[in-house]
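Novice: Each chain, written out:
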Amino acid sequence: MSEYHDPSNVINPEHADHHIITPVTYGIVFATLLVFTGITVGAAYVDLGIFNPVVALAIASFKAVVVILFFMHVKYQSKLIKLTVASGFFTFLVLITMTMSDYISRAWGLW
Amino acid sequence: MDNAIVATHPHTHETAVAAEHEHIVLPQHRHHFETKEQQREAATFGMWLFLLTEIMFFGGLFFAYLLYRNWYHDAFVVSSNQLSIPLGAANTAILITSGFFMALGVWAAEVQKKGLLVLFLVLTTFFGVAFLGIKAVEYHEKWEKHHIPGAHFDVSEFINPQAYGLKEKPLAPDMAQKTQVFFFLYFAMTGMHAFHMILGVGLLFWLTWRANRGEFSSGYVAPIENFGLYWHFVDIVWLFLFPLLYLINRHPGS
Chain A
4 MSEYHDPSNV INPEHADHHI ITPVTYGIVF ATLLVFTGIT VGAAYVDLGI
54 FNPVVALAIA SFKAVVVILF FMHVKYQSKL IKLTVASGFF TFLVLITMTM
104 SDYISRAWGL W
Chain B
0 MDNAIVATHP HTHETAVAAE HEHIVLPQHR HHFETKEQQR EAATFGMWLF
50 LLTEIMFFGG LFFAYLLYRN WYHDAFVVSS NQLSIPLGAA NTAILITSGF
100 FMALGVWAAE VQKKGLLVLF LVLTTFFGVA FLGIKAVEYH EKWEKHHIPG
150 AHFDVSEFIN PQAYGLKEKP LAPDMAQKTQ VFFFLYFAMT GMHAFHMILG
200 VGLLFWLTWR ANRGEFSSGY VAPIENFGLY WHFVDIVWLF LFPLLYLINR
250 HPGS
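Chains A and B supply the protein sequences, listed in that same order.
Every letter in the first sequence is one number past the one before it in my numbering, and letter 49, counting from 1, is 52.
Every letter in the second sequence is one number past the one before it in my numbering, and letter 51, counting from 1, is 50.
Isolated chain A, as found in the complex (with noise of 0.2 Å):
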């Protein structure tokens, strides 16, 4: 069953083979997040105007990305993991919106 990598699921796609991620690829996960913390840092302190928060969120969601392909193996897991991860995060998103959409509505017009 491990003879080969199938990272895809094309032959058994109910279960994902188990894949051992190597050091070298936590060592450069771990690289490009300590990276992009400088980076998050130092773009505060540039005024870019209301993309301030934009790109400070943007680079806030590259790096959990990272670690939940990586540091959290769903990269390599099945695709009913993916699918429960992303239908989470799609889920809190759409909340959110809702939510906050009736929130900033209930004064429209009344400034």
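In short, the hints are calculated from the structure, not lab data.
Keep in mind that the hints are not guaranteed to be accurate.
Stated by the list, open to error - Below 25 Å or equal to it, Euclidean Cα-Cα: the simulated DSS-like pairs (lysine-lysine) are:
(1) B/K168 / B/K144
(2) A/K82 / B/K35
(3) B/K141 / B/K168
(4) B/K35 / A/K85
(5) A/K78 / B/K35
On the provided structure of chain A, position chain B as indicated by the hints.
Specialist: Positioned in the frame of chain A, the structure of chain B alone reads:
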């Protein structure tokens, strides 16, 4: 190999798999799973379901932050600038380092290196505790400056920043009171995050003790893997808390 049939007879199954893969089958392999892969996936799936509830749980706090930041933007700008970027950035790096060693710990368990696993778990714990130590220093500073919401909260430096040597825009007294909302969210969010880390450090002591007994050196890695998922999730929460609380308002002009 027909696992569905042999799995009902543990001993037959054990010898069959051992012959095929040339390693000892785990005593932890439960009979209601067809294969090791299925058992592993079920554990990962269950852990992720728990983490989804954590996304929703922390998500509520993040939503509160988003909403009040919109409502009391000026108060949030000034109070956010009270936080120390060097301490926050150092803590981010420390937490990433802790997560890196946790990832290496999972690797060590997978390749069945007991000594390395114990070492990496101890390093994960060390950096986790270092994070909490810096957090305690920051909390103590807030205590001394009367920035903890409640009866002793002091708004005078937000109303008259020049007198305190701050280059901030003075706030009207009612808006200055809203800085309490920021600090309340700061303590609620970082406090809940720190609580998760304290639980995590406790679990790390337990896992290190078990790893030292060799419990995860035979290919049984589910507890280490699932704890890794928990620890990395807590890291991710901080990756968002750091820019939102410390960085986003560093430019009062924005």
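Novice: Run every hint past the structure and note whether it holds.
Specialist: Hint by hint, here is what the structure shows:
Between B/K168 and B/K144 the alpha-carbon distance is near 19 Å, which keeps this suggested pair within the 25 Å criterion. Between A/K82 and B/K35 the alpha-carbon distance is near 17 Å, which keeps this suggested pair within the 25 Å criterion. For the given pair, B/K141 sits about 20 Å from B/K168 by alpha-carbon distance, which is consistent with the 25 Å threshold. Pair hint B/K35 plus A/K85 holds up; C-alpha atoms about 19 Å apart against a cutoff of 25 Å.
Taken as a hint, the A/K78 and B/K35 pair is honoured in the structure, with Cα atoms around 20 Å apart against an allowance of 25 Å.
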